[in-house]
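J.: In order, the protein sequences belong to chains B and Z.
If you read the first sequence in numbering that gives the first Met the number 0, its first letter stands for residue 0, the second for the next number, and so on.
If you read the second sequence in numbering that gives the first Met the number 0, its first letter stands for residue 0, the second for the next number, and so on.
Calculated directly from the structure, the hints in this document are not laboratory data.
Please note: incorrect hints may appear among the correct ones.
Remember, identical chains collapse to one label, so a pair may be satisfied in a single copy or spanning two.
[Claimed, not checked] Computed cross-link-like contacts, DSS-like style, restricted to lysine-lysine with a CA-CA straight-line distance of at most 30 Å: (1) K243 with K120; (2) K293 with K243; (3) K95 with K243; (4) K155 with K243; (5) K361 with K273; (6) K305 with K120; (7) K95 with K177; (8) K300 with K124; (9) K177 with K315; (10) K3 with K124; (11) K211 with K243; (12) K95 with K155; (13) K331 with K3; (14) K273 with K293; (15) K331 with K273; (16) K273 with K4.
There are 2 protein chains.
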Amino acid sequence: MISKKLIGEFQTILGKGNVMDEEVDRLNYSYDAAVLDPVLPAAVVRPEDSEQLGKVIALCNDNGVPVTVRGAGSNLSGGTIPQEDGVVVLTGGMNKILEINAEDMYARVQAGVVTAQLAAKVAEKGLFYPPDPGSQAVSTIAGNVAENAGGLRGLKYGVTKDYVMGLDFFNAAGELVKTGSQTVKCVTGYNLAGLMTASEGTLGIFNEITLKLVPPPQASKAMMAIYDSVEAATETVAAIIAAKIVPCTLEFMDNFTIRTVEDYAGAGLPVDAKALLLIEVDGHPAQVEEEAAKIVEIAEKIGARKIKVAKDAAEKAKIWEARRVALSALAKLKPTLVLEDATVPRSKIPAMVSGMDRIAEKHGVTIGTFGHAGDGNLHPTILTDRRDEKAWHNVELAVEEIFDVALGLGGTLSGEHGIGIAKAGFMAREVGEPSIAFSRMMKRAVDPNNILNPGKIIV
Amino acid sequence: MISKKLIGEFQTILGKGNVMDEEVDRLNYSYDAAVLDPVLPAAVVRPEDSEQLGKVIALCNDNGVPVTVRGAGSNLSGGTIPQEDGVVVLTGGMNKILEINAEDMYARVQAGVVTAQLAAKVAEKGLFYPPDPGSQAVSTIAGNVAENAGGLRGLKYGVTKDYVMGLDFFNAAGELVKTGSQTVKCVTGYNLAGLMTASEGTLGIFNEITLKLVPPPQASKAMMAIYDSVEAATETVAAIIAAKIVPCTLEFMDNFTIRTVEDYAGAGLPVDAKALLLIEVDGHPAQVEEEAAKIVEIAEKIGARKIKVAKDAAEKAKIWEARRVALSALAKLKPTLVLEDATVPRSKIPAMVSGMDRIAEKHGVTIGTFGHAGDGNLHPTILTDRRDEKAWHNVELAVEEIFDVALGLGGTLSGEHGIGIAKAGFMAREVGEPSIAFSRMMKRAVDPNNILNPGKIIV
C-alpha cells in the first residue's frame, strides 16, 4: 500500500480525477492479456501531459514505488501486471498525434496513441505505417514499442523496431532522455531507441515516439491455398521464399484451427483440409500479378488441393477475416487460452509443427496452431481450463516443451509477444547467463531503486 | 606501456607472431581515417579464433589495459584510435564466413569478414546484402556494425542496423554474451543487438554476427540529372519522394565536386552545372521503367538542363564511377580532407546546402558537398592543410557551425560516420545531458574498469 500522503501528492500533480485508488479501479488494472495471476496495484494514475508524467515518475522514484505503465494492457506476457505496492500509469491521457510529415515520411506521436488510429491517419495522408499487431485496434504505439510488437506483415515489412526513428523517455529519476532523430540515418550516441524497443517499461517510460513511414503498396493480391497434408503446406512456404518472393503476409492454419474458425464464423473454409496457407503479395501491379501467378504454380506443383485467388476486395476481406477471427474462435472453446509465439527459422516450420503434434499427444493437451509461417512465428495455442489443476500442470509441461523444441531448432522463446513475467524464467535456456547478467547490470545502473516495471524480463 | 610479463602472456595465448610491440607495428595502428592526432598503442595483437579473443580481453580487463578493436580502421570519427597504454586487437584473423543460409535468408560471419567479400559471396548464392558503406572494399562487418555504417542504398534499404539479426560479443570480462537469433522475429530479452550496433567497441567486442539477407532486385536503372541551380536539384529530391518513389540511391553533387571529379577522372561531367543528381531505382522491371520515366518527367518539369538515363551496364557503371571517385578526387586537392556527415530531414536539404555556402564564405574555407540527398545525409567536405594553424582553426569553426546548422534544422551530428573521438564533445548539443548521463551509467556498469575503447562516444 502507499500512503495517503503520497496519494495526495499524486492528486496535486494530476488532479483528483486522475488518481484512482478504489478497489474497483485497482481491479481493472490488475491483469493483462497473459494467463497469469492478477496483482492489485496500490493506485492508478493518469497523466495528461509530459510534465505530469515526469513528475509522477520522479515522485515514485523518490518514494521507491514501482511504476508499471499501461497502454491497452493487450500484451500477452504479463508486461503490464503491476506490483502490489506499485502504481499503474495509464497513457490514455497522452494520445495526441503530434505530426505526420509526408515530406520527410515520419510521424511523431505521444505514447498513448492507438496503433490503428495512427495507421488510419497516416493512410489519409497517402502514406503507410506497416506494423499491424493483432491487437492494433486497441494497442498503443508506446505499448508496441515496449514489446517490439510484430504482426502479419513482419515478413516483408519488419516489426515495430524497424520503424522507430527516435524517441524520448523518462529515466527512473523522471528526467527526459532524448535519442534518435527525425532523420533517416542517425548514429549520434548509443542506439538507445533500439535498446528501449522491447524493454517492456523496465529501463524508462516513453514520452514521444518518432516513427518511420513508407509509401503504401500500389496493389495487392490475396489467396488461400488448401492442403491435404501439413508437409505440403510448409513445403510451399519454403518454395515461395526460394523463388525469391517475399509476400507481405504468409499465414498458416492447421486443421483444428480451420474447423474451429468455420464453426465460429461460417466462413466457408474446407473443414477437411489438413492445412491452409493464407498469402498476400503487394507492390507494383505487374509484380503482384507475376508473384501471385508464380505462387499458384508453386502451390499446385507441390500438391495443394486448391488455390483460391481473391478476385476483389470482398473476397480478399473474407480470407483475412478467417485469419483474424482465429484467436476469438479458439477462445470460445475453453475458458483458458495460452497463445504461444516461440519462433524458429522458417525452414524449421515442418519440424516445429510436428513437434506440436507430439507435445499435444504426450501431455494430453489440445493445441491449435496458426500464425506467421513466413516468419517462422507460429502461434501454437493451447486450450484448457486453468481452474483444473491437473490439466493446467500438463499445459505448463507442454509450454516448457514447446520452448525446448523451438530452441532445439535454432529458434527463440518469443517472436513478438515479449518476455514479461511469463517467460522470464526461461530466458537463460536461450541467451545464457552472461547475457542476463549483462542486462541486469544495465538495468540496475539506470534504475537503482528498481522502480521501473520490476519483475519483467530480468528477475 | 605494458609490462614484458603481459606481452609474454599475450604470446602464450596468441603465439609470438600474433603479438606485435615494435614501434613500426604500433605506428601502423596509431591512426584511422579521421583527421585526428595519432596515438601509439602499447601493443598490437591478432587473435585467430574466439577462444583467443576472449582470453585476450579477460587478460586486458584483469590488468586494466584499454582495448581498441580494429577491422580496417576505415572509420571517419576516430573510433579505432587506440590509447597509449592500450592494446589494438586486430580482427583480420577472424574472417570466416561461417554460413550463408539461402532458405532462411541469413549469413553468419566472424567479426573480421570484409563487407564487399561477404556481399559477393551472398550474391553468388542469389541473395543480396544491401549495406554498402563507401569503405566496403576494405571495411569489416564488425566495423560496420560497431559504427552502424550507412552507404548509398540507405534510402530504400536502410543501414547496417537494419540487417543485424543477432550477434554474440565478449563483455569486458571476456565472457561471451549472446543476443538476437537466426529468426526473422525475436523479442527474447533486451535488444542488445540493437544497443551494440553503433556502440563503437565501447560496450563489448564482437565475435560472430548474423545478418539478414534479402532477394536481389530483378532490375535497376540509373540516371544523371544535370541542373543549372542547386535549388532545382534539391526540389527534385523532394518531388521524387512526394511522388511515392523510393529510389535505392539518390545522390547529390555540387559544382565544386563536379569540377574536381571531372579534373580527376575525365568522366565527361558537365563542369558548368550547378548540381547533379545521380539516381538509381530498382525492383520489378515494370516498376523500374515506370519510376525511371516518372523521375525524368519530374526532373524536366522542375527544370533540369538534361537527364541522361543509362542505356546499359557500361553507362550505369560510368555514372556510379563519377560518384565513387568523388572523395578520392577531392582528396587530391589538399593535404587534409575533413569529410562531415551531419544529416537533416530531407526536406531541409536546400537549407543545409545554402548553409554550407554561407559557412564556407564566412570562414574562408573550401567546402565541396556531395552525398546521400535522399537520406538528408550530405557530405560537406572541407579541403585544407592541417599543418596551417590558422587555416585549421577556421576549419574547426566551420565544422562546429555545420553541426549547429544541421541541429537547427532538426538534424543530427552524424548520419553514418559515428561519434568516436571527433564528435564526442558535441553530443550534448543534440541529445542533451540526461541522454549522455544515461549512456554513461550503462557503460560504467558493464565496463567497470573502462577498458573497452575508452574515450569514444561517452567521455
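J.: So, for every hint listed, does it hold in this structure?
T.: Against the structure, the hints:
{"no.": "1", "hint": "K243 with K120", "in the structure": "between (33 Å within a copy, 17 Å between copies)"}
{"no.": "2", "hint": "K293 with K243", "in the structure": "both (11 Å within a copy, 27 Å between copies)"}
{"no.": "3", "hint": "K95 with K243", "in the structure": "between (40 Å within a copy, 26 Å between copies)"}
{"no.": "4", "hint": "K155 with K243", "in the structure": "both (12 Å within a copy, 18 Å between copies)"}
{"no.": "5", "hint": "K361 with K273", "in the structure": "within (21 Å within a copy, 74 Å between copies)"}
{"no.": "6", "hint": "K305 with K120", "in the structure": "neither (38 Å within a copy, 38 Å between copies)"}
{"no.": "7", "hint": "K95 with K177", "in the structure": "within (19 Å within a copy, 38 Å between copies)"}
{"no.": "8", "hint": "K300 with K124", "in the structure": "between (42 Å within a copy, 24 Å between copies)"}
{"no.": "9", "hint": "K177 with K315", "in the structure": "neither (42 Å within a copy, 42 Å between copies)"}
{"no.": "10", "hint": "K3 with K124", "in the structure": "neither (48 Å within a copy, 67 Å between copies)"}
{"no.": "11", "hint": "K211 with K243", "in the structure": "both (26 Å within a copy, 14 Å between copies)"}
{"no.": "12", "hint": "K95 with K155", "in the structure": "both (29 Å within a copy, 29 Å between copies)"}
{"no.": "13", "hint": "K331 with K3", "in the structure": "neither (43 Å within a copy, 73 Å between copies)"}
{"no.": "14", "hint": "K273 with K293", "in the structure": "within (23 Å within a copy, 47 Å between copies)"}
{"no.": "15", "hint": "K331 with K273", "in the structure": "within (21 Å within a copy, 68 Å between copies)"}
{"no.": "16", "hint": "K273 with K4", "in the structure": "neither (62 Å within a copy, 68 Å between copies)"}
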